[in-house]
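Student: Here is what each chain is made of, one letter per residue.
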Amino acid sequence: MGTWSQWCRLALIIVTMAASLPGLVQWRSGAAQATSVPREVLALFDSSEAKPGSELSPLRNSLIHSLAEMPLNYLGLKLHYLDVDTEALPSDEEMRRYRGIISWYGDDRLRNADGYLRWLQRQIAAGRPVVTMGSLGASVDAASGAEVNPGLVDATFEMMGLRYSSLSEGQQTDNPLLLGVRNKVPEMVEFERTLDGELIAYEQYRSVGPNNRVYLTLTRTDLADGDSDVVVTGPWGGFVLGGYDYYYQPRTFQKRWRINPFAFFDEAFGLAGMPRPDVSTLNGSRVFYTHIDGDGFNNITEMDYVSLSAEVLLKRFFKRYDLPFTLSIVVNDIDPASSLGGERQVRVAREIFAQPNVEPASHTYTHPFDWSKPFDLEREIKGALDFLNQRVAAPDKPVRLILWSGATNPIEPAIARSDELGLFNINGGDGRFDSMRNSYSSLAPLTTQVGQRTQFYTSNANDNIYGNDWTGPYYGLRNVVETWQKTESPRRVGAMNAYFHIFTGEKYASVRALETVYDYALSQPIAPMYTTEYLQLVQGFLYTELARANQDTWTASNYGALRTLRFDSEQRFPDFDRSENVIGYGQYQGSLYVFLGEGATARIALSAARPTRPFIARASHRVLDAKLEPQAIALALEGVGRKTVSVGNLPPNTDYDVVVAGGAQEQRGRLRTDGQGVLSWTTDARGRVQVTASRVADGGASR
Amino acid sequence: MNIPVRMIVLFAIGITIASVALIPRPAQIGQALELSGRLDDAVAYYQKALADNPDDEVTRVRLANVFQLRGEPELAGATYHDLITLDPNDVGYRRLLAELEEWNLRLHESMAQKGKLAELDRRDIAIRAELADYVVLERKDYAMAIQYTEEAVAARPTDIQLLLELAGLYAQAKRMPEAIATFERALGEDETEPTAQRGLAKARLWIDQANTAITRAQAAFAANPDDRPTAQHLRELLLSAGRETEARELEQRIPGLGTLPFQT
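Protein chains in written order, with the working numbering: chain L, 1 to 703; chain C, 1 to 264.
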C-alpha cells in the first residue's frame, strides 16, 4: 500500500500526462487539425566528468553523443545538448519544445543535485519521457559533497514506476557471486553481447508502474526478495542500470551495445508509428556522396613519378567516373605565394574545379591540426574562401563548403564564421562498422552541437584512418565497403560516403583501392549527389516538422531538400488519393519508405490497401515535375551520374514509347513494363533530363 | 711479347665466368624494378626467380610486399601462406600474415595466426594480451583469456600489471581463490599497489558474502529438507557463486521435493 503522498503524486502524474496529450484528445473528438509532434530531445551531460587534456569537447566525449545519438537520429530524433554543470536547466515553458530528455552520466555527483531532481520530477509529471541511462547521476551535490535527500531520489524513481530505497543504497553490490538473471528479453538486452558471465552491477529497483515493461530482471541470491528490474520502459520513458547499457573493453576501447538502442529508445520515447526523416535514402536509392580532403595535393604519385596526386585523381577518377565529387583544397598547397604552391598547382586546381562533376570546397588555408589551439580564424576560413573563389573556382561555381581539417574539432567561432559566409561544413564523425569495429556504437551521428552551432559529420571513415595514419595499408579504404554493407542491412542506418584525401592519388595501392570502392558503389542502387546536397538532406532532417492528423495520417513541413520519410515496422502503403506531395514509396526490410515530391509540405496518409495509381518505385536522382498516369508519364531527373527511374503500377507487359531529353541529346525507344507493371529506364545523359513515356496506342500488351 | 695461348684461353674463361656471375639475377632485377616503382615488372621478375628457386624465401617476401604495394592483399596473403608452408616455425612470416589479415578485416583469420605465434614464441606477452582481449570480446571465452594471461604471467612472473589482469579475469570467471592468490602475488611485488589492495579486499568480501549466504541457506535447507523453494534458493546461490557441481547435485534432488512456501 502506498502512502497518501504517493497516491497524490500518482494522481498528479495521471492528470498532467493526460493534459499533455492534447493530440490524443483531438483524435478522439475527430478534430481535423494535426497535432505537432516534437522530435527534439534534450540531452543532459555533465562537463565536470570530462577528463582533462582531450582535444575533443566534453560534449563530443559524452556517452550520449558517442553512443546514443546515432540510433536516436535513425529513429528520427535530433538532440539539443545542455551541460548541467555550467548551464541553467530550461524552464517549464522552454521544455515544451522537447519530446523528452535523455541523461547518461558517468558518476553520481551533480551541481545542485536537489534542484536537478525536482526539475526532473516536473518533467516526468508533465508527461515528457525521461530516459535515464546508467543512473540518475544526482545522489551527491557536486559543490558541497553532501548526499541529497534520499527521499528525493526515491520519489524520482517512484515517478518512473520504480521502487528504490536510497537508505539501503539499493542493496547495491558488484559481487558476481551473488548475482543471477531472473528474466530477460534477449532481443532487447543482449543486442550485441550476451549477459552470461558479465553480471557486475546490482541495485534494487522494483517495477511497480502498471504500464511498465521490464526487459531484464536480476536477482541478488543472498536476499529473500532480491529481484531487481534494471531495464525498464514506461510512459515516463526508460531506465537502464549501468553495466547493462553497454559493454566496454578498456584496452581495446571497443564498445558493444547490450540493450538494443533502436528498440529501447523507440519505446522509451514513444516513437512507434512516427515517420522518421531519413537522410540515407532518396527515392528508394541509397544516398552516395564523395568528399575529399585537400591534403597531399602536391605529392608526386607512384603511378608515374611525375604527376601530382591531384592530377591522378583528375585523370583516373573525375574524368573517368560519372559520379559527383566534392574536392577541397588547402590553399597553402597551391598559393604561389607559399613555398608549396605555384602556377602549376593553381592550373591543376582550376582544371579540377572546372570539371562538370566536381564541387569545389575549402580545406582551409594552412590546415590547422587542432582547432582548440590558437590560429588565424579569418585567414583559415574567409582567406581560403577568397583565394579559391578569386583564383581557382569559376564564378558560376563558387566554393560553398568547408571541410574541417586535422582533429576536426572546430570551435564555435569558426563554425559561426563559416555560417556567416554561407558555407556548409563537414568532417568529424568517421563512423565505421566492420569486423574490426563490429558494433553500431562505432558509427557516428549526423551532427554535433558546438555551442549553439552545428558541425556536420561525415558518414564514414577515411583513407587515413583505414591506412593507420597513412603508414599502410595504403589500400585500406577498400574496407569501407564492409561498413556500407553492414549499415545497409538489416537496417539502412546511413548514407554511403567515399571519404578520402588527395594523397590517395599518390600510391598505386590506394588508387587501386579507390577504383574498387567506386566499382562497388556503382554496382549498388545508389543516389549519387554532391556533399552539399547530402548536407541539405541533413539540414532537412534537423528542421523537419511533423504533425499527426489522425492515426493513419501525418503531415510534414520545413523539410527542405529531404525527400524521404520512413515508417518502421509498417506493412501499410501510402494512400495517394488522400496524400499530398507523395510521389512514390518502397517497402524495404520491414520499413515503408515514402518518397516526397518537390512541394514544401506533404501529407502522408497510410492505408492497408495497395495503391493502384502509378508511383515512383525507385529513382537514382531527385524527381521533378512528376506526372504519373497509366497512359503517360512525364518527369525530370536532375543531378550528376547515371540516371535510373522505375515507375510502378502500370499495366503489366505493356509497351511504352520513351523519350529521354537531356543536354544536347535526345534518346527514343520503346520499353515494356515487367510482369508487375514496373517500367524502368536508365540514361547516361548529363544534367537535367526530361523523361516522357506514353503507352503505345495499340496497347502493345501481353504479347 | 709472346703470350701463351693457354694463358689467353684461361683469361678468356675467367672473364666469361666473371661476366656470368655478374649478370644480374631475376631477383636482383626485380628488386631494382621495385625500387624504381615498376611494380608490374618487379612481380614478373620475382616470379621468374621463384620459378627457378621456389625455396627463395627472401624473394617471396619481396613479392608479397610488391603485391601489397599494388593493392593486391589477397595475392600477398597467398604468398605469406607459401612462406609459412616453407617454414612453418618462422615467427616473422606469421606476423606479417596476421597483420595482413587484420588489414583485410579478417579478424578471426588474423587471430588464428596470432594463436600460432603464441605457440611459437612462449615469451610474447603482447600477442597474448591481444588474444585474451579478442577471445573475451568476440567469443566471451574467459577460460581461454585466462590461459593466455597465465602464459603471459609465466613468461613475466613479476609483472604487476599482468598479475592484476589475471586476477581480474579469475574474479570475472568466479574463480575467487585463484583471484585472491594472484592479488596476493601482485602485492608480494609491491605491497602498496592500490588496485591489488582493493581487488584483494573485494574478492575476500565477495567470498565471505557468498559463503555466509550459502551457509545460511544450507542451514535452512537442512532444517526443511523437503522444501522446494529453499532448495531452489540454495541452488541459485551455488550457481551464482560458481559452485556448479553442487548446484547440479541439488538440482537433481529438487523434482522430488515438496512445494512448501519459502522460509528464511
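No lab work stands behind these hints, which were simulated from the structure alone.
Incorrect hints may have been included.
Said to hold, decoys possible - Here are the simulated lysine to any residue pairs, SDA-like style, with alpha carbons at most 20 angstroms apart:
id, chain 1, residue 1, chain 2, residue 2
1, C, Lys-174, L, Gln-172
2, L, Lys-319, C, Lys-174
3, L, Lys-397, L, Arg-668
4, L, Lys-184, C, Leu-105
5, L, Lys-315, C, Gln-172
6, C, Lys-140, L, Leu-195
7, C, Lys-140, L, Arg-256
8, C, Lys-140, L, Ala-50
9, C, Lys-174, L, Gly-197
10, L, Lys-255, C, Leu-137
11, L, Lys-255, C, Lys-202
12, C, Lys-116, C, Gly-92
13, L, Lys-373, L, Gly-170
14, C, Lys-174, L, Val-696
15, C, Lys-140, L, Lys-315
16, L, Lys-255, C, Val-135
17, C, Lys-174, L, Lys-486
18, L, Lys-255, C, Arg-70
19, L, Lys-486, C, Leu-137
20, L, Lys-255, C, Gly-92
21, C, Lys-202, L, Arg-548
22, C, Lys-140, L, Ala-547
23, C, Lys-202, L, Gly-687
24, C, Lys-140, L, Gly-170
As the list claims (entries may be wrong) - Quick list of simulated restraints, FRET-style, between CB atoms:
id, chain 1, residue 1, chain 2, residue 2, range
25, L, Asp-304, C, Asp-121, 38 to 46 angstroms
26, C, Ala-112, L, Asp-304, 33 to 41 angstroms
27, C, Asp-52, L, Val-306, 51 to 59 angstroms
28, C, Ala-21, L, Ser-338, 49 to 57 angstroms
29, L, Ser-144, C, Ala-112, 33 to 41 angstroms
30, C, Ala-112, L, Gln-524, 25 to 33 angstroms
31, C, Pro-194, L, Ser-47, 43 to 51 angstroms
32, C, Asp-121, L, Pro-413, 49 to 57 angstroms
33, L, Pro-52, C, Met-144, 45 to 53 angstroms
34, L, Arg-118, C, Met-144, 34 to 42 angstroms
35, L, Gln-589, C, Ala-112, 48 to 56 angstroms
36, L, Pro-356, C, Ala-112, 20 to 28 angstroms
Everything numeric in this text was worked out from a predicted model, so none of it was measured.
Note that CB positions come from ideal geometry on N, CA and C, so glycine has one too.
Student: Now, for every hint given, state plainly whether the structure supports it.
Tutor: Going down the list of hints, with the structure as the test:
1. Lys-174(C) <-> Gln-172(L): Distance of about 19 angstroms is within 20 angstroms: holds.
2. Lys-319(L) <-> Lys-174(C): 63 angstroms, violated
3. Lys-397(L) <-> Arg-668(L): 32 angstroms, violated
4. Lys-184(L) <-> Leu-105(C): 33 angstroms, violated
5. Lys-315(L) <-> Gln-172(C): With a Cα-Cα distance of about 57 angstroms, the restraint between Lys-315(L) and Gln-172(C) is violated, given a limit of 20 angstroms.
6. Lys-140(C) <-> Leu-195(L): 10 angstroms, holds
7. Lys-140(C) <-> Arg-256(L): 12 angstroms, holds
8. Lys-140(C) <-> Ala-50(L): 30 angstroms, violated
9. Lys-174(C) <-> Gly-197(L): 9 angstroms, holds
10. Lys-255(L) <-> Leu-137(C): 9 angstroms, holds
11. Lys-255(L) <-> Lys-202(C): Measuring from Cα to Cα gives roughly 26 angstroms; hence the hint is violated.
12. Lys-116(C) <-> Gly-92(C): 12 angstroms, holds
13. Lys-373(L) <-> Gly-170(L): 45 angstroms, violated
14. Lys-174(C) <-> Val-696(L): 77 angstroms, violated
15. Lys-140(C) <-> Lys-315(L): 49 angstroms, violated
16. Lys-255(L) <-> Val-135(C): This hinted pair holds, its Cα atoms lying about 15 angstroms apart.
17. Lys-174(C) <-> Lys-486(L): 35 angstroms, violated
18. Lys-255(L) <-> Arg-70(C): 34 angstroms, violated
19. Lys-486(L) <-> Leu-137(C): 19 angstroms, holds
20. Lys-255(L) <-> Gly-92(C): 31 angstroms, violated
21. Lys-202(C) <-> Arg-548(L): 55 angstroms, violated
22. Lys-140(C) <-> Ala-547(L): 46 angstroms, violated
23. Lys-202(C) <-> Gly-687(L): 70 angstroms, violated
24. Lys-140(C) <-> Gly-170(L): The hint is violated at about 29 angstroms.
25. Asp-304(L) <-> Asp-121(C): 38 to 46 angstroms: 43 angstroms Cβ-Cβ, so the 38 to 46 angstroms window holds.
26. Ala-112(C) <-> Asp-304(L): 33 to 41 angstroms: For Asp-304(L) against Ala-112(C), whose Cβ atoms are near 40 angstroms apart, the range 33 to 41 angstroms holds.
27. Asp-52(C) <-> Val-306(L): 51 to 59 angstroms: 34 angstroms, violated
28. Ala-21(C) <-> Ser-338(L): 49 to 57 angstroms: 53 angstroms, holds
29. Ser-144(L) <-> Ala-112(C): 33 to 41 angstroms: Violated - the Cβ-Cβ distance for Ser-144(L) and Ala-112(C), about 56 angstroms, lies outside 33 to 41 angstroms.
30. Ala-112(C) <-> Gln-524(L): 25 to 33 angstroms: 31 angstroms Cβ-Cβ, so the 25 to 33 angstroms window holds.
31. Pro-194(C) <-> Ser-47(L): 43 to 51 angstroms: 27 angstroms, violated
32. Asp-121(C) <-> Pro-413(L): 49 to 57 angstroms: Taking Cβ atoms as reference, Asp-121(C) and Pro-413(L) lie about 53 angstroms apart, which means the hint holds.
33. Pro-52(L) <-> Met-144(C): 45 to 53 angstroms: 37 angstroms, violated
34. Arg-118(L) <-> Met-144(C): 34 to 42 angstroms: 50 angstroms, violated
35. Gln-589(L) <-> Ala-112(C): 48 to 56 angstroms: For Ala-112(C) against Gln-589(L), whose Cβ atoms are near 33 angstroms apart, the range 48 to 56 angstroms is violated.
36. Pro-356(L) <-> Ala-112(C): 20 to 28 angstroms: Once the Cβ atoms are compared, 49 angstroms apart, the range 20 to 28 angstroms for Ala-112(C) and Pro-356(L) is violated.
Hint check: violations occur at hints 2, 3, 4, 5, 8, 11, 13, 14, 15, 17, 18, 20, 21, 22, 23, 24, 27, 29, 31, 33, 34, 35, 36; the rest are consistent with the structure.
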